[in-house]
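Engineer: Each chain is listed here by its residues.
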Amino acid sequence: MTPSLSRKQTEEMLPDYAFGRLGAEDSLQFEQSIAAYPDLSQELKDIQGVFSKVDTMDFNSILENRTRNISVRVQERMAKNSKNNSMSRLFRLVIPTVSIAALAIFFFSSEIPVFNSNELSSNSDGDSHHIQVVRSSDASSLLSEDLNLNAVLAEVVSHQNNNEINIPAQDNNAIDDLIADNLLPESEESTETVSPDPNNLWEYLNDNEIQDILKDLNYENPSVL
Amino acid sequence: MMYSLTYALNTDQEIIQEYCSGDSNRAATLFVRKHQKFVYSAALRYLRSHDDADDAAQEVFIRALKNLKNFRGDSSIQTWLYRITLNVCTSIARKRKFVAFFTHDDGSEIELESDAATPQQQFENKDFEKHFEKMLRQLPEKQRETFALRYFDELSYEEISKMLGTSVGGLKANYFQAVQKLAKLLKNSEFMQTWERT
Numbered sequence: 000m001t002p003s004l005s006r007k008q009t010e011e012m013l014p015d016y017a018f019g020r021l022g023a024e025d026s027l028q029f030e031q032s033i034a035a036y037p038d039l040s041q042e043l044k045d046i047q048g049v050f051s052k053v054d055t056m057d058f059n060s061i062l063e064n065r066t067r068n069i070s071v072r073v074q075e076r077m078a079k080n081s082k083n084n085s086m087s088r089l090f091r092l093v094i095p096t097v098s099i100a101a102l103a104i105f106f107f108s109s110e111i112p113v114f115n116s117n118e119l120s121s122n123s124d125g126d127s128h129h130i131q132v133v134r135s136s137d138a139s140s141l142l143s144e145d146l147n148l149n150a151v152l153a154e155v156v157s158h159q160n161n162n163e164i165n166i167p168a169q170d171n172n173a174i175d176d177l178i179a180d181n182l183l184p185e186s187e188e189s190t191e192t193v194s195p196d197p198n199n200l201w202e203y204l205n206d207n208e209i210q211d212i213l214k215d216l217n218y219e220n221p222s223v224l
Numbered sequence: 000m001m002y003s004l005t006y007a008l009n010t011d012q013e014i015i016q017e018y019c020s021g022d023s024n025r026a027a028t029l030f031v032r033k034h035q036k037f038v039y040s041a042a043l044r045y046l047r048s049h050d051d052a053d054d055a056a057q058e059v060f061i062r063a064l065k066n067l068k069n070f071r072g073d074s075s076i077q078t079w080l081y082r083i084t085l086n087v088c089t090s091i092a093r094k095r096k097f098v099a100f101f102t103h104d105d106g107s108e109i110e111l112e113s114d115a116a117t118p119q120q121q122f123e124n125k126d127f128e129k130h131f132e133k134m135l136r137q138l139p140e141k142q143r144e145t146f147a148l149r150y151f152d153e154l155s156y157e158e159i160s161k162m163l164g165t166s167v168g169g170l171k172a173n174y175f176q177a178v179q180k181l182a183k184l185l186k187n188s189e190f191m192q193t194w195e196r197t
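Chains A and B are the protein sequences, given in the same order.
When we follow numbering that gives the first Met the number 0, the leftmost residue of the first sequence carries the number 0, and every step to the right adds one.
When we follow numbering that gives the first Met the number 0, the leftmost residue of the second sequence carries the number 0, and every step to the right adds one.
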């Protein structure tokens with residue numbers, strides 16, 4: 000009688016048959032085939048004999064004992080991790096961001112250009128206005144020089160506006176000098192010339208000058224008059 | 000209450016749904032309880048230390064629960080968990096080797112069985128599990144994993160094939176060889192002789 004399963008197929012089914020995990024149809028087919036392989040039949044007996052002892056061991060309950068609190072410990076670790084994550088987020092994101100922002104503010108505030116007010120006024124040639132960028136280190140010394148002067152000027156201007164001048168007499172001259180030097184327009188020293196309007200030249204001439212012009216015109220061309 | 004809940008949410012899909020939309024703590028507990036033995040035993044086979052296996056199992060479930068909402072169901076939960084377990088165990092084993100290098104340890108696995116104890120004492124102390132683990136370690140890795148996943152975890156060959164990346168035919172051959180070798184080892188062990196005497 001030819002077995003329905005090859006030796007290889009019978010071998011592959013042997014463990015499942017030995018442990019009772021084959022379906023009814025497969026079991027029947029296996030039982031019919033294994034009779035053709037006596038060595039496999041002996042193997043099956045040995046395996047069943049040994050593993051019947053193994054099956055008495057309750058591996059499931061051993062594992063159950065060993066893994067008893069895993070779910071609790073997992074939940075605890077997850078809760079702990081979420082706390083650590085919020086802290087690590089603080090360290091990873093917030094603190095570096097704040098640090099970078101602070102550095103940026105410090106950097107830009109130290110590099111803000113300071114304009115020298117003297118350079119803003121037009122120069123004597125009347126060419127153009129230009130702005131001088133002063134480094135912060137230089138600016139601090141310049142500012143400290145002008146600090147007292149500016150404070151006094153601010154004081155004077157505020158008192159003038161409020162009509163509450165209460166300045167000691169001995170300081171009046173000094174303050175007047177300061178105002179003249181710094182606030183009043185430089186009318187006398189100004190090199191700018193006001194060019195006359197060509198349509199109203201007569202307004203800029205006095206009587207004698209007009210008479211002289213008329214005389215000159217009369218000499219050159221008597222018919223005009 | 001928990002008993003009834005365990006039966007109310009008996010499929011992985013229901014647990015995932017509950018975890019994503021409902022009481023995540025309860026669903027997480029059910030999820031871990033359902034798969035803890037599978038994950039722990041796989042980690043133990045790989046790491047050969049109960050403490051490391053315990054740590055690994057916790058780490059596996061933390062990773063799994065973090066990504067459970069993204070689980071698409073392309074494979075079974077057990078296949079997915081098995082892959083995570085292998086990754087975690089590989090990482091732990093690497094750390095252990097690193098520590099062993101700097102502590103001048105030989106890096107060998109923790110001995111689970113005391114050689115001083117006689118088989119009778121081992122049996123009385125319920126140490127057969129340790130003895131069996133030692134025998135399992137004598138098998139090649141593929142055979143050992145195939146045996147454990149089929150014999151203890153009762154997974155189908157198709158699922159094991161996805162986990163181990165081996166054909167079903169190859170797995171069946173591995174399983175037969177593993178069972179054959181274990182039977183011989185057990186038959187010749189002092190344990191079996193003690194058993195037969197008792």
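No lab work stands behind these hints, which were simulated from the structure alone.
Certain hints may be false.
Claimed, not checked - Below 30 Å or equal to it, Euclidean Cα-Cα: the simulated DSSO-like pairs (lysine-lysine) are:
#1 B:129 <-> B:94
#2 B:68 <-> B:96
#3 B:180 <-> A:7
#4 A:82 <-> B:36
#5 B:36 <-> B:65
#6 A:79 <-> B:33
#7 A:79 <-> B:94
#8 B:36 <-> B:96
#9 B:141 <-> B:129
#10 A:44 <-> B:180
Engineer: Hint by hint, note whether the structure agrees.
Structural biologist: We went through each hint and held it up to the structure:
no.	hint	result
1	B:129 <-> B:94	holds, 24 Å
2	B:68 <-> B:96	violated, 34 Å
3	B:180 <-> A:7	holds, 17 Å
4	A:82 <-> B:36	holds, 28 Å
5	B:36 <-> B:65	holds, 20 Å
6	A:79 <-> B:33	holds, 23 Å
7	A:79 <-> B:94	holds, 22 Å
8	B:36 <-> B:96	holds, 26 Å
9	B:141 <-> B:129	holds, 20 Å
10	A:44 <-> B:180	holds, 14 Å
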